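**Student:** Residue strings, one per chain:
Protein chains: 4
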Amino acid sequence: MLPRGNYAFVMHKLPIGVLGASGYAGRELVALALRHPRLELAFAAAHGRAGARARIAGREITYVAAEEAPLGDAALVFSALPHGASARYVAAARAAGAKVVDLSADLRPGAAPAPAAAAALGDVPYGLTEVARDAVRGADVVANPGCYPTATLLALLPLLERDLVAPGATISVAAASGVTGAGNSPRGDLLYAEVAEDFRAYAAGNAHRHVAEMRSVVERYGADADLVFTPHLLPVARGILATIVVPVRESLAAPLDLWRARYAGEPFVEVSDELPTLRDVVHRNVVRITAMPAQHVRRPAVVVIAAIDNLVKGAAGQAMQNANLQLGLDEPLGLPT
Amino acid sequence: MLPRGNYAFVMHKLPIGVLGASGYAGRELVALALRHPRLELAFAAAHGRAGARARIAGREITYVAAEEAPLGDAALVFSALPHGASARYVAAARAAGAKVVDLSADLRPGAAPAPAAAAALGDVPYGLTEVARDAVRGADVVANPGCYPTATLLALLPLLERDLVAPGATISVAAASGVTGAGNSPRGDLLYAEVAEDFRAYAAGNAHRHVAEMRSVVERYGADADLVFTPHLLPVARGILATIVVPVRESLAAPLDLWRARYAGEPFVEVSDELPTLRDVVHRNVVRITAMPAQHVRRPAVVVIAAIDNLVKGAAGQAMQNANLQLGLDEPLGLPT
Amino acid sequence: MLPRGNYAFVMHKLPIGVLGASGYAGRELVALALRHPRLELAFAAAHGRAGARARIAGREITYVAAEEAPLGDAALVFSALPHGASARYVAAARAAGAKVVDLSADLRPGAAPAPAAAAALGDVPYGLTEVARDAVRGADVVANPGCYPTATLLALLPLLERDLVAPGATISVAAASGVTGAGNSPRGDLLYAEVAEDFRAYAAGNAHRHVAEMRSVVERYGADADLVFTPHLLPVARGILATIVVPVRESLAAPLDLWRARYAGEPFVEVSDELPTLRDVVHRNVVRITAMPAQHVRRPAVVVIAAIDNLVKGAAGQAMQNANLQLGLDEPLGLPT
Amino acid sequence: MLPRGNYAFVMHKLPIGVLGASGYAGRELVALALRHPRLELAFAAAHGRAGARARIAGREITYVAAEEAPLGDAALVFSALPHGASARYVAAARAAGAKVVDLSADLRPGAAPAPAAAAALGDVPYGLTEVARDAVRGADVVANPGCYPTATLLALLPLLERDLVAPGATISVAAASGVTGAGNSPRGDLLYAEVAEDFRAYAAGNAHRHVAEMRSVVERYGADADLVFTPHLLPVARGILATIVVPVRESLAAPLDLWRARYAGEPFVEVSDELPTLRDVVHRNVVRITAMPAQHVRRPAVVVIAAIDNLVKGAAGQAMQNANLQLGLDEPLGLPT
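Residue numbers (numbering that gives the first Met the number 0), protein chains in the order written: chain V, 0 to 336; chain P, 0 to 336; chain C, 0 to 336; chain S, 0 to 336.
Derived by calculation from the structure, the hints in this document are not laboratory data. Just so you know, not all the hints are guaranteed correct.
Partial pick of chain P residues on the chain C-facing surface, computed with a CB cut under 10 angstroms [to be verified]:
id, residue
1, Ala-74
2, Ala-195
3, Glu-196
4, Arg-283
5, Thr-336
Computed Cβ-Cβ distance ranges for the label pairs, DEER-style [what the hints assert, rightly or not]:
id, chain 1, residue 1, chain 2, residue 2, range
6, V, Ala-51, S, Gly-83, 33 to 41 angstroms
7, P, Gln-294, S, Pro-331, 54 to 62 angstroms
8, V, Ala-119, P, Ala-252, 36 to 44 angstroms
9, S, Asp-122, V, Ala-56, 37 to 45 angstroms
10, V, Pro-36, P, Pro-166, 36 to 44 angstroms
11, P, Gln-294, V, Ser-250, 30 to 38 angstroms
12, V, Ala-51, S, Arg-54, 34 to 42 angstroms
13, C, Gly-221, S, Arg-248, 23 to 31 angstroms
14, C, Pro-36, V, Arg-52, 55 to 63 angstroms
15, V, Ser-250, S, Arg-54, 25 to 33 angstroms
16, V, Arg-52, S, Tyr-201, 37 to 45 angstroms
17, S, Arg-248, V, Ala-56, 40 to 48 angstroms
18, S, His-82, V, Arg-52, 40 to 48 angstroms
Sample of chain S residues lacking proximity to chain V, with all beta carbon distances greater than 12 angstroms (derived) [stated by the list, open to error]:
id, residue
19, Asp-72
20, Asp-122
21, Arg-161
22, Ala-195
23, Glu-249
24, Leu-255
25, Arg-261
26, His-282
27, Pro-292
Please read all numbers here as calculations on a predicted model, not as lab measurements. Where is the CB? At the ideal position from N, CA and C, for every residue including glycine.
Bound-form chain V, shown alone (with noise of 0.2 angstroms):
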């Protein structure tokens, strides 16, 4: 949209790939590597899909096999290959001389059980970008945080860091997920009929995967404190709403306050006196963050509620903030918010 000639000089571009990219996640981060400033697309690969085409932010890509991804011809790879299957492909992408983002479980801390390529590849940062930027910068292999920990954990951080969680306390997660956070293999449960309508909670009771990331997160605190986390389907496409109740040492009159101290001046976390809803943060890559005090208590406690786009911010675009990071580039280039 601007004149011709205004550019006075011609950017480099670097070349990055994408496995696993037909996938809900692997198409966002295709569309932000088609559209950021100093990224350009080497590869998007996808299982099964080699040679099959598909338009993603107004270009047409061609699939090549995930096993045939020329990685060597990138400066860094994004893997958002399933679970499991992902760290063999971080290793070759390493040994091929490309920085790699994991968005798989294989490498993020209390990945149970971890792959053997994982293992080989040492501990590895753990994508937090607000919390782990400096250990993220320039890093070769980065494990970029699954979407719900991203929400949860963005959430706690100002009461962990400050010690201020009670005693003995647990934590209640309640949190609801739009269906691509299931990703988009066919499955007869996530049909538009069967979900339509409905609301339902899945892996209650601490059996979702994400709990042992979180606590692992949460335990580096060293907070006394239990975590049980309910994820919810919801009806919808995109997001992810938290809702998190946590007992605290004493009474906060203010409490956003903290937050807002903690996350002055971060581009992707918006603090808010509004009670955050899906519309505000979907298609952004921000985490949007409210809290305050709970009313009728005796014992003192806080309702934080954190809303992101599991794709964006819990996914792809935190992705980009790392990717940015290890490749020297500014941190926020080339995302929405």
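Once you've looked at the hints, dock chains P, C and S against the given chain V.
**Tutor:** Chains P, C and S alone, transformed into the frame defined by chain V:
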């Protein structure tokens, strides 16, 4: 569907009236009354709709104005009038000799401010039928519980009655309701385009009117526990799902047995190994409950999940259970399971 | 709900079986059979689900494999098997002595290619019940109409029977169906996230299988008219709305009278002054129709709009009308209106 | 996202104002203006909302009252006021020296009754931009087409311009719109619970206001054809799909070539082999069109299907195309494709 002449006698039908009959709960009451084998509709009153017609349950009815409703023609009056407006109609119906089920909050425990007319009526049974059956039977006036309290309290009851809640516990109730819970008055924020593909909390931090109602009941059991209640608005028409995390005194290996024992023989309570969904309960007068221990915790906690149709078990259906008991009929009469 | 002892006799129940009982239409058939006062379920067969259980209409059933279904135990078999696979089961059921309602396209007029087994069965009545009642009564095998043809043909019938379609006319049928019309096999394009907030035509240009079925029937009436049929996929679970524009020979001031006259006394056809909506008809065995003249035109045309539940009047419900007639029972028995 | 200092000059921005800026189309106009490289927002006026704030496109704006809008501060005013109320504001804006795009029906062909203020303005170009580009360029006032006419007329245009419609034909237009087409004023029939899982026709029989607008344009081409238009309400927020059946003079083996030829080089018209869906076009300023011959007919007919976002190409986006032309800017400036 039965051949004519099969009946040896004509059953006497009792006349009932419905105030607030054009709202979602009111229409549901009219539908239940029209299908009830022992009740007949004396009148359906709706503010500002006198003379208007509606088709309900395959029958055409004509509304009368609330102030002109022939209260004395009814053996029992259901009031589905708005909170604050209901109590004086309850008093008028009593004065006219009718029994009453009040679906508003006016006569419920914790109502604030209690309308003047409510004070004059004195204490009336809180019609959580599975708990208060004896007090309801034959009662002149019953305060029908709110939709969220019905789901929440029936879910918590087995733990409260056995004093299993951990002392000092913070109980988290995250509940989500379909939009009919907000009534059918035109509101910009409830338009389709505002609700679809969104999800949000509201009245967070224990700001919802139902908190006082729930706390009043919980306190009767003497539990030293706080309740933190967060309601959410779902993009579905009907149904409530309540996800409740309860720190408990001791580990419960098979907590569901408590619910099975407490609700054995109850026609409108389904205790299930499977996670209940809205689809399981809509258009049915049941609460469906499951419970399980939280794994990976240092202090024991139980997750209890309950689903109801907010307009049936959460409003009109429970009201009909109560009405049947007040009128000396079988409690399940005319109710869909 | 009736007191025991009220019945003077025990009614004999006829055993029926359902093939393809795990699909949407098959489950609806099972539900209708379980609630039917004169039928009982002999078996429910589902491919690849032998031994699996399902809860339908409040009852738990166990599937048998289709190839092991005890066809001879049934007085009548409903086949809701896929097109192409159904005809040989119809033949087998006949050989075992059962009457059959075939819900597939195999035996319908215009079926192409007609399966070999279909040819052996010869011509069977096309069970558009309101038209073919006499042929269906007592018939051994009936071809149940498709969902779109049911709505379209019942809407067009009064014009066709009276030869009112303008010679040389192009009749446009734009019909939209809920996603259950596509069945419940897992398909990526029918996932919630792909269907919600979208709307699309498919098989446009008369490429849909149902076109031949509709044309065959229209041609029986000798109309010199073309039919152009465009189906659409709606983001709803159930229901079909067909909007039909018909150039007519002459102006019809009150065209709805034609429909009222034609369908007087029909229990499952509702002719209405108001525009029918899906909500009017879902879960009911009715077609609801209106018609009106097009204003502001130089040559007269009538707009006819019809709504059905694709799984009830468009499949299982009409099948039950036919089954009742085949078995000598009252046509409306066991059908929800 | 560009490094500072990259621009050699500061571009002059033209001030524009929006009347009716709190409705769906008005908000879309404000969003487009805020993102436009050569426009800036002079005011956003909304009836009864003076002083209220809204967050649009990431910016906070404050509404002024329509009657106090500083019309003279704007180089161009968009009026998204209701039909009947708009024309006198158009006149006032003209008197204050501003150019105007009127999104209401007041100045469109066929408007009935034409407001008095409209008569005083005389004939103004009907801004179907792809047809009327020359008349719009530099014009003082433009009547922006309705949403349904935009989709329908752009779809029909290649057939009309080449006189290919069969003489005496009845053209059927079945169009379905998302609920934002009805505006965001509170209405009971547009509540989520009333719209979800439903689908309905409205204003059938050519009773919709847009019929006169479409007929006026069709008649300019001299076609001896009737148009029968049936709009429907979809349970989606945004988008219009129009399915059009056109009897044609002669068989067209590859009708899509006509559309490709007519719209070659048009930035906002996508001619596609694939059937367009709402998802293809929402949030984009495009009409997406396909066409194909009807098979199995005796007289040739073409099916044309067009999709637009009713708020973008069907309202604010097309208005911006026109505004750009009126102001001497490049037509595509500031428009999302």
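**Student:** Does Thr-336/P pass the interface check with chain C, least Cβ-Cβ distance below 10 angstroms?
**Tutor:** With a closest approach of 7 angstroms, the Thr-336/P hint holds.
**Student:** Min Cβ distance, Glu-196/P to chain C: is it shorter than 10 angstroms?
**Tutor:** Since chain C brings a Cβ to about 6 angstroms from Glu-196/P, closer than 10 angstroms, the hint holds.
**Student:** Holds or violated: 25 to 33 angstroms for the Cβ distance of Ser-250/V and Arg-54/S?
**Tutor:** Holds, since Ser-250/V and Arg-54/S (Cβ atoms, about 32 angstroms apart) stay within the stated range.
**Student:** Given the hint of 37 to 45 angstroms, check if Arg-52/V and Tyr-201/S actually sit that far apart at their C-beta atoms.
**Tutor:** 39 angstroms, holds
**Student:** Holds or violated: is the Cβ of Asp-72/S farther than 12 angstroms from all Cβ atoms of chain V?
**Tutor:** The claim stands: Asp-72/S keeps its Cβ more than 12 angstroms from every Cβ of chain V (closest is about 25 angstroms).
**Student:** For Ala-195/S, is the shortest beta carbon distance to chain V beyond 12 angstroms?
**Tutor:** 7 angstroms, violated
**Student:** So His-282/S supposedly isn't at the interface. Is its beta-carbon more than 12 angstroms from every beta-carbon in chain V?
**Tutor:** 9 angstroms, violated
**Student:** Should the hint that Gln-294/P and Pro-331/S are 54 to 62 angstroms apart at their CB atoms be regarded as holding?
**Tutor:** This hint holds: roughly 57 angstroms between Cβ atoms.
**Student:** Non-interface claim for Arg-261/S: all C-beta distances to chain V beyond 12 angstroms?
**Tutor:** 22 angstroms, holds
**Student:** Can you tell me whether the CB distance of Ala-51/V to Arg-54/S sits inside 34 to 42 angstroms?
**Tutor:** Since the Cβ atoms of Ala-51/V and Arg-54/S sit about 40 angstroms apart, the hinted range of 34 to 42 angstroms holds.
**Student:** Using the C-beta atoms of Ala-51/V and Gly-83/S, is the stated range 33 to 41 angstroms upheld?
**Tutor:** 52 angstroms, violated
**Student:** With chain C as the partner, please determine if Ala-74/P meets the hint condition of a C-beta pair closer than 10 angstroms.
**Tutor:** Result: violated, 19 angstroms to nearest chain C Cβ.
In this structure, the earlier hints numbered 1, 6, 10, 22 and 26 are contradicted, and the remaining ones agree with it.
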